[in-house]
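Number of protein chains: 2
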Amino acid sequence: MSAMNTSLFTAERTTDGVIERDFTIGEVPGVLWSPADASPGTPLVLMGHGGGLHKRSTGLVARARDAVLRDGHAVAAIDAPGHGDRPRSAEDQRWVDEMLAERAAGRSMAATIAAYNASLTERAVPEWRATIDALQQLPEIGRSAPVGYSGMTLASAIGIPLVVAESRITAAIFGGVFVYDEITLAARSVTIPVEFLLPLDDPEITRESGLALFEEFASEDKTLHAFPGSHFTVPMERVDTRFFARHLAHPAASVEPVG
Amino acid sequence: MSAMNTSLFTAERTTDGVIERDFTIGEVPGVLWSPADASPGTPLVLMGHGGGLHKRSTGLVARARDAVLRDGHAVAAIDAPGHGDRPRSAEDQRWVDEMLAERAAGRSMAATIAAYNASLTERAVPEWRATIDALQQLPEIGRSAPVGYSGMTLASAIGIPLVVAESRITAAIFGGVFVYDEITLAARSVTIPVEFLLPLDDPEITRESGLALFEEFASEDKTLHAFPGSHFTVPMERVDTRFFARHLAHPAASVEPVG
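Sequences listed follow chains P and G, in order.
If you're matching positions, the first sequence starts at 1 in my numbering and goes up one per residue.
If you're matching positions, the second sequence starts at 1001 in my numbering and goes up one per residue.
Take every hint as true, because none was put in to throw you off.
So, partial list: chain P residues that the calculated Cβ filter (under 10 Å) puts toward chain G:
{"no.": "1", "residue": "Phe196"}
{"no.": "2", "residue": "Leu211"}
{"no.": "3", "residue": "His225"}
{"no.": "4", "residue": "Thr241"}
{"no.": "5", "residue": "Phe243"}
{"no.": "6", "residue": "Arg246"}
Distance windows between CB atoms, simulated:
{"no.": "7", "chain 1": "P", "residue 1": "Asp181", "chain 2": "G", "residue 2": "Glu1208", "range": "19 to 29 Å"}
{"no.": "8", "chain 1": "P", "residue 1": "Ala90", "chain 2": "G", "residue 2": "Leu1185", "range": "56 to 66 Å"}
{"no.": "9", "chain 1": "G", "residue 1": "Gly1017", "chain 2": "P", "residue 2": "Glu182", "range": "49 to 59 Å"}
Treat the hints as calculated values from the structure; they're not laboratory data.
The beta carbon of each residue, even a glycine, is placed where N, CA and C say it ideally should be.
Can you make the complete structure from the sequences, with help from the hints?
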């Protein structure tokens, strides 16, 4: 490991066969989960967290550990701007206060969510791209590693424009996202394989908007997985189609041994 | 194997590790695919074929072989009344002629499909139940084997009422089905885990009718998997969630060795 990579990490521990390392890239704190025996080209899955949550949210950590232990993938999560360990700006706080007030009053949060999420996205997209840059320096990942992106709600609001801007991401899982114009426009430029998760009974995000967004993805390879309940109750064990296992092949796996 | 079971089968061959046996129960011809090393309690998946097709349709055989080789399941298929190797009655032929004439003229086939499928279902449900009776006599299946049902279009029209009538079936995959009143009513009595496949762009079956039918299933554990295209282009490799592997556990697998 080079000096650059060593300096990336601020803490390391191994739990039940998964190496977990904290990193900071610029001002952005993150976590990398990886297999103990990772070899160059280990597929990298970027996992975004939902609005109000953070890089170590319970569901995210469980999915990350599954991806490491079951698929042998590496998984990175970072805190979105103003989330987790990052300070929240006064402007972001005003948006959050406004959303909470709207929800409490039973008023539509649509305009506030659209403005807040669009602002977060503008900041988060370059942060994810810098994260890929940095993690590709690691010998066990490298520039040949395939990269996927997974995340619902806010993480889809960020992720859909991200995969349009970032050609290194070659497969993505989205869903449960509040749809506004920028999201729809970005979806029309998405051509990578997409799996889309649709909560059918979300109190704040209609199924019709999810179906309409799914239509907009330009991807030839896309499937929609819908389930009763809200975006808080995604039954990952029921909708798991081994999407990343199919789409993010370790480059070494397709190389025939020579001699 | 008992004399009764031997007499069930009229032909047997093994292809690439899968035993394939022809059987006849009453007037109904069928095929059983099973693993060479099947032990008592081997889960049994009943696979129905689509309208106009038969028990050895290409897609069905491929899915059956996958289930045997990947999951270690046994798979049975039978010809629906008037399909495959079975003679078609004059009344059934009138329905088929009527549907083809309606399709050619661009008229709605709804009333004809509803009448024809309802009639086929009335005949096919007892045939599937007799098939379970007979196959449970086989030592490698037996009465402890879990039973699943899988089939789209006509096979869902038959299968949805079948799983209501037949409590031995404990998990089912349906989809792409033309919906009429009997189907909707039956769905309301389905409580077993259901996976529902929805072609989003079927020229003859609207997505709205599929979504509405999915709503009607009373199952707590249900997921919907939708994909672009028609019911002729189900991308099984993309929607596969290992549904039967999760729901039809071999009873021996959950038994702890004693001593």
